[in-house]
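Listed below are the residues making up each chain.
4 protein chains.
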Amino acid sequence: MLINKFFIKLNIYYIQKNKKIDMKLTLEQAQKAVEAGIKKSKELNLKMNIAVVDAGANLMAFNRMEGAWLGSIDIAIKKAKTSRYFDMDTGEIGKLSQPGKSFFSIEHSNNGLITFPGGVTIEHDGEVIGAIGVSGSSVENDHQVASAAKKAIS
Amino acid sequence: MLINKFFIKLNIYYIQKNKKIDMKLTLEQAQKAVEAGIKKSKELNLKMNIAVVDAGANLMAFNRMEGAWLGSIDIAIKKAKTSRYFDMDTGEIGKLSQPGKSFFSIEHSNNGLITFPGGVTIEHDGEVIGAIGVSGSSVENDHQVASAAKKAIS
Amino acid sequence: MLINKFFIKLNIYYIQKNKKIDMKLTLEQAQKAVEAGIKKSKELNLKMNIAVVDAGANLMAFNRMEGAWLGSIDIAIKKAKTSRYFDMDTGEIGKLSQPGKSFFSIEHSNNGLITFPGGVTIEHDGEVIGAIGVSGSSVENDHQVASAAKKAIS
Amino acid sequence: MLINKFFIKLNIYYIQKNKKIDMKLTLEQAQKAVEAGIKKSKELNLKMNIAVVDAGANLMAFNRMEGAWLGSIDIAIKKAKTSRYFDMDTGEIGKLSQPGKSFFSIEHSNNGLITFPGGVTIEHDGEVIGAIGVSGSSVENDHQVASAAKKAIS
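Chains as they are written, first to last, in this note's numbering: chain A, 3 to 156; chain B, 3 to 156; chain C, 3 to 156; chain D, 3 to 156.
None of these hints come from the bench; they were simulated from the model.
Careful: at least some of the hints might be erroneous.
Identical chains share a label here; the pair holds if one copy fits it or two copies do between them.
As the list claims (entries may be wrong) - Cut-off 20 angstroms, straight-line C-alpha distance, at most; resulting in silico cross-link-like pairs (SDA-like, lysine to any residue):
hint : residue 1 : residue 2
1    : K26       : S156
2    : K97       : I131
3    : K97       : E142
4    : K49       : A38
5    : K26       : A59
6    : K49       : L72
7    : K49       : A59
8    : K26       : N60
9    : K103      : Q146
10   : K153      : S107
11   : K49       : G69
If we strip away everything but chain A, and leave its shape as in the complex, we get (with noise of 0.2 angstroms):
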């Protein structure tokens, strides 16, 4: 049972080594970075939206606080997507499509993106398997509440 258990991680680790296949993202690692969020936001007394997507940048959870802003729906999601689309935190794309910057008004394309912080990437051996979004106070509080649902499941 034991030996079977650590010849599948072993596995696993070389056919992904080989790039052959993506770790998936479980509901439960999703409802989990949520919570996290949620507990984060409480002791921060923020109102949050969290948003969870998937490899596929497709949604697997999302929950408004009570209260929370109903505009950072659309974000929360928005920058969940934005940060798996580019494999980075939002923060960082918002640096490169401020005017001047190589990646100026990149927020035209995808049906809109989100380039402020708060949206963070999900990862597992090294791989983006998918991306957090936390949308409702500043920049600073969104990214500390994204940072805190991705640590949970880390």
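Chain A is already provided as a structure; the job is to place chains B, C and D on it using the hints.
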């Protein structure tokens, strides 16, 4: 304490009768509905997308079970919205949107409606305070899971 | 070397049975499907648009034959997406979306679906890992070309 | 035979001068451009999305390399379209769409433009007959790959 609770209930009743407030759907209720839907889906061996919207028809909670149809993300959310938009189960609207019927092609409004079963209202003292949308299987199964989700918070 | 390959195959099979991973569609497979579709179209003297999406319903490869209908660019892509969205051939969905049927007007979801034949799933060990969409002629011809494209990588 | 070829060339030249026709981009050319782009990307160890549109700014060929950014599917296609829309490389348009410049916010037109480098025109005898869009890395790399793709069919 007990008397206190009684007076609060009385007050809520009184205020509601006078239409000054709507009871608000809590995140806890929304989560409970989603959980009940997932539990029912597992019993029936189904993979579902489950969405909950509040009185403003705005997304409150969403979960996609692993392996559930990707196209049902949008359908589950649209079913929940459609149900709250017209304060009835989506299947009822679908009867009226058939060719020759009074609401034919109503699906073109509101950026896309879904008018087949799987969307049900959430009520409190006769007022609609939100709705649940389920998608991932036959409309009969979708409706059954949505009903189980509704029952868990009624 | 040969033993290695055998073990990898065995392992992938074993891990997949345990639903921990998805096989990834390769670009080589996507290109091969497109090529086979073009070859079949030429045999039948047709001008087609051929699209391939991966497991996340995201575009992987596309070709438009010279003189093929311009309106079929979007239809071919939507057929591929629709097929992956519901893990079935588009024609099957179309049977259910007719007036009076259970999925009537489902086309209003997901930013527009195409539910007539020409979209087929790509499978690996019973899991859908992508889909092919073909548009440019009658639905019978579209489906025939899509099937030829699928066969080339099955 | 040789004389025949000469006369055809002469005729094409004559007709073009009189602006009665546009040379049409062939699917073979579009595929050749995509292949050259992929070859260059591999040399540079990059994962790219490569799109080719014809004179009508309609998609002709597209390939996404495995592991390339999902958000770059739309960007590659939009770069190709943007380039053909204004018959210049996307980077040139981007210089004019900066704050204070004459085309500021032009990205809001045409359902979304991409105005940073990576989109290049395809020309024939001084006429633009299509365009190539590449996305998946820095704008310098995107432009380099797009240029290699263009060169392969020039």
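These are the hints, each one checked on the structure:
1. Taking identical chains as interchangeable, the C-alpha atoms of K26 and S156 lie at most 20 angstroms apart only when both belong to the same chain, with a minimum of 14 angstroms there against 23 angstroms between chains.
2. Within a single copy, K97 and I131 get their C-alpha atoms no closer than 23 angstroms, and across copies no closer than 35 angstroms, so neither meets the 20 angstroms cut-off.
3. Taking identical chains as interchangeable, the C-alpha atoms of K97 and E142 lie at most 20 angstroms apart whether they share a chain (15 angstroms) or sit on different chains (17 angstroms).
4. Taking identical chains as interchangeable, the C-alpha atoms of K49 and A38 lie at most 20 angstroms apart only when both belong to the same chain, with a minimum of 13 angstroms there against 25 angstroms between chains.
5. For the homomeric pair K26 and A59, the shortest alpha-carbon distances inside one copy (12 angstroms) and between copies (15 angstroms) are both at most 20 angstroms.
6. Taking identical chains as interchangeable, the C-alpha atoms of K49 and L72 lie at most 20 angstroms apart only when both belong to the same chain, with a minimum of 11 angstroms there against 25 angstroms between chains.
7. For the homomeric pair K49 and A59, the shortest alpha-carbon distance between copies (18 angstroms) is at most 20 angstroms, but the shortest distance inside one copy (24 angstroms) is not.
8. Proximity of K26 to N60 under the C-alpha cut-off of 20 angstroms is found in both arrangements, the shortest distances being 12 angstroms within a copy and 16 angstroms between copies.
9. For the identical chains of this complex, K103 and Q146 are inter-copy neighbours only, at 18 angstroms across copies versus 26 angstroms inside a copy, given an alpha-carbon limit of 20 angstroms.
10. Taking the closest pair of Cα atoms, K153 and S107 never come within 20 angstroms of each other, the shortest separation being 31 angstroms inside a single copy and 28 angstroms across copies.
11. Proximity of K49 and G69 under a CA criterion of 20 angstroms is satisfied intra-copy only: 6 angstroms inside one chain copy versus 27 angstroms between copies.
The structure fails to meet hints 2 and 10 from the earlier list, while all remaining hints are met.
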